[in-house]
Amino acid sequence: MLAYVTRRIFYVIPIVISVALVCFMLVHITPGDPLVAVLPADASQELANQLRIAYGFDRPLPVQFGIWLWKAVNGDLGQSIATGRPVLTEVMRAVGNTVTLAIAAASIGFALGLFFGLIAGYFRDTWIDKVATSIAIAGVSLPHYWLGMVLVIIFSVQLNWLPAVGAGPGGSGAWGWDWQHTRYLILPAITTAAIPMGIVTRTIRALTGDILSQDFVQALRAKGLREIHVFRHVIKNAAPTALAVMGLQLGYMLGGSILIETVFSWPGSGLLLNSAIFQRDLPLLQGTILVLALFFVLLNLMVDIAQAAIDPRIKRG
Amino acid sequence: MSISPTSALVDPALGSVPAARMRGYWTTVGRRILRDKVSMACACVLALIFLSALAAPWLGLADPYQGSMIRRLRHIGTSGFPLGTDELGRDMLSRLIYGGRLSLIIGILPVILAFGIGTSLGVVAGYVGGKLNTAIMRTVDVFYAFPSVLLAIAISGALGAGIINSIVSLTIVFVPQITRVAESVTTGVRNMDFVEAARASGAGPFTIMRVHMLGNVLGPIFVYATGLISVSMILAAGLSFLGLGTKPPEPEWGLMLNTLRTAIYVNAWVAALPGLMIFTVSICFNLLSDGMRSAMDIRN
Numbered sequence: 000m001l002a003y004v005t006r007r008i009f010y011v012i013p014i015v016i017s018v019a020l021v022c023f024m025l026v027h028i029t030p031g032d033p034l035v036a037v038l039p040a041d042a043s044q045e046l047a048n049q050l051r052i053a054y055g056f057d058r059p060l061p062v063q064f065g066i067w068l069w070k071a072v073n074g075d076l077g078q079s080i081a082t083g084r085p086v087l088t089e090v091m092r093a094v095g096n097t098v099t100l101a102i103a104a105a106s107i108g109f110a111l112g113l114f115f116g117l118i119a120g121y122f123r124d125t126w127i128d129k130v131a132t133s134i135a136i137a138g139v140s141l142p143h144y145w146l147g148m149v150l151v152i153i154f155s156v157q158l159n160w161l162p163a164v165g166a167g168p169g170g171s172g173a174w175g176w177d178w179q180h181t182r183y184l185i186l187p188a189i190t191t192a193a194i195p196m197g198i199v200t201r202t203i204r205a206l207t208g209d210i211l212s213q214d215f216v217q218a219l220r221a222k223g224l225r226e227i228h229v230f231r232h233v234i235k236n237a238a239p240t241a242l243a244v245m246g247l248q249l250g251y252m253l254g255g256s257i258l259i260e261t262v263f264s265w266p267g268s269g270l271l272l273n274s275a276i277f278q279r280d281l282p283l284l285q286g287t288i289l290v291l292a293l294f295f296v297l298l299n300l301m302v303d304i305a306q307a308a309i310d311p312r313i314k315r316g
Numbered sequence: 000m001s002i003s004p005t006s007a008l009v010d011p012a013l014g015s016v017p018a019a020r021m022r023g024y025w026t027t028v029g030r031r032i033l034r035d036k037v038s039m040a041c042a043c044v045l046a047l048i049f050l051s052a053l054a055a056p057w058l059g060l061a062d063p064y065q066g067s068m069i070r071r072l073r074h075i076g077t078s079g080f081p082l083g084t085d086e087l088g089r090d091m092l093s094r095l096i097y098g099g100r101l102s103l104i105i106g107i108l109p110v111i112l113a114f115g116i117g118t119s120l121g122v123v124a125g126y127v128g129g130k131l132n133t134a135i136m137r138t139v140d141v142f143y144a145f146p147s148v149l150l151a152i153a154i155s156g157a158l159g160a161g162i163i164n165s166i167v168s169l170t171i172v173f174v175p176q177i178t179r180v181a182e183s184v185t186t187g188v189r190n191m192d193f194v195e196a197a198r199a200s201g202a203g204p205f206t207i208m209r210v211h212m213l214g215n216v217l218g219p220i221f222v223y224a225t226g227l228i229s230v231s232m233i234l235a236a237g238l239s240f241l242g243l244g245t246k247p248p249e250p251e252w253g254l255m256l257n258t259l260r261t262a263i264y265v266n267a268w269v270a271a272l273p274g275l276m277i278f279t280v281s282i283c284f285n286l287l288s289d290g291m292r293s294a295m296d297i298r299n
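Quick mapping for you: the protein sequence lines, in order, are chains V and A.
Residue numbering for the first sequence is 0 to 316, as defined by numbering that gives the first Met the number 0.
Residue numbering for the second sequence is 0 to 299, as defined by numbering that gives the first Met the number 0.
Calculated directly from the structure, the hints in this document are not laboratory data.
Careful: at least some of the hints might be erroneous.
Said to hold, decoys possible - Examples of chain A residues toward chain V, derived with CB under 7 Å:
id	residue
1	I32
2	F240
3	I277
4	S281
Just so we're clear, the structure is a prediction, and the values are computed from it rather than from any experiment.
For every residue, glycine included, the Cβ atom is placed at its ideal position computed from N, Cα and C.
If we strip away everything but chain V, and leave its shape as in the complex, we get:
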């Protein structure tokens, strides 16, 4: 197990460096001089040159990348052009809210997905299967930002039950574990849960069907095992794949939250990314994407290790 974990961690290092390279290059595929965003409109040529040297834009790209990477490793992602605050502080504060949203959405989406998937796979080709599959396919086909709008129309505009935007009373960005704050979480969480619910349902359904058609299930039934215990074997066999899919989905929820956070003005990393894009705040854009991508890589690594821990077959492969 230790050898497997070590090997996986070593394999992640080149990925992390390449991810950093992609994030670094984002600024340089931007049309125009990256300096334009920092420079006042009436800046003199002299000031431009000074800033170019201060930001290191005058050096060759590989050197710039090296310096940037070294600073990033030491927790310095530069300063936001819009606010002047360190990028890392801004990103970390926002990521907290995104994690809250993702975990709430994951609990809803995974619970429903597992439930629908298991019953659809178990009662394959019955009406139960048809209903569950229809819900799943609707879930994966929904433009989630539109679902968010429709939920706001129903529950905020028409029924006036839940708030339409924000993450707390009085526009406060700080999260608290009370009903006043939870009310703000409900609609964004349901919206975020739709896609993972659909994908988990579809995966689990296919998985359950495959496992049930294997010979060992027949053998279990033949030796007189009660159906509920057969079911336990099914779950045990489905667990590694299910875990992998759910880990990936959690990563997508963390990284792909920009659309939903924009709809609900949820003060997370997605909203931060949105403002970074439209204010042309390139260091912030770069830093947010780097942090989110690293979260995703880390999550994938943890899923791989967890999978190996519960499924002895993986380590040998």
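Following the hints, complete the assembly by docking chain A onto the known chain V.
Positioned in the frame of chain V, the structure of chain A alone reads:
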């Protein structure tokens, strides 16, 4: 896709059927699809949306750009405006139908481009193998380290708003996914006996790839790509929704959803209509892709 006899050889069970009785693989798949009611219904809905978008100028619709301050945000069913009007008083029915043009292009074109690029990369990587395979597939791995929405928005955000940039960014998102599928399918086919036989009878690598591999490889990749169209439609409209794709006053479903967002307190259901279009197209492509997948799985 050509009806080539080699296509059937993917399936060992079919390979043993006497040649005289063997119906072409794609004919069989076609027949199975035609019998599938859900797939056919989806195909009809999609055909309707495509044709009306294509024929929009000849349908006698109101001008999709012509607004009027005195008839803003009319409700669905107002006489003269069957689906109401938008926040600038433009006819919704007309804008939804015209909107199909851009929405479908920016949603589907990235998948088509990625299908071409990804298939080429994947087939070459899978067939040539060795160092080239490692180089291509490790590069692909890097893009897998980003959630697809984040990657699309990162590239789009860095390049700036615009239709071309949004198509480019989505293509970059889908190329790695298609490359990975193409590579794994190709590696599977490469080790089959008929490829060995072709090589033994003196066929060069390009002949083998074109004649013997592509026919067997394209089917599964094609099905995978059709499944991506649904995601691509949602993402493309999503980029426009954020303000990164189409620019006003162009009718496009994602952008319409964005500009109508503020109108939900006045006329909620008109504001929700463009999203319904995205949803319809997306679910139809998903169901069609599912239907194709099960039709191509001859063994069941």
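Subject >> Structure versus earlier hints, numbers of those that do not hold, lowest first >> reply: When the structure is compared with the hints, only number 1 turns out to be violated.
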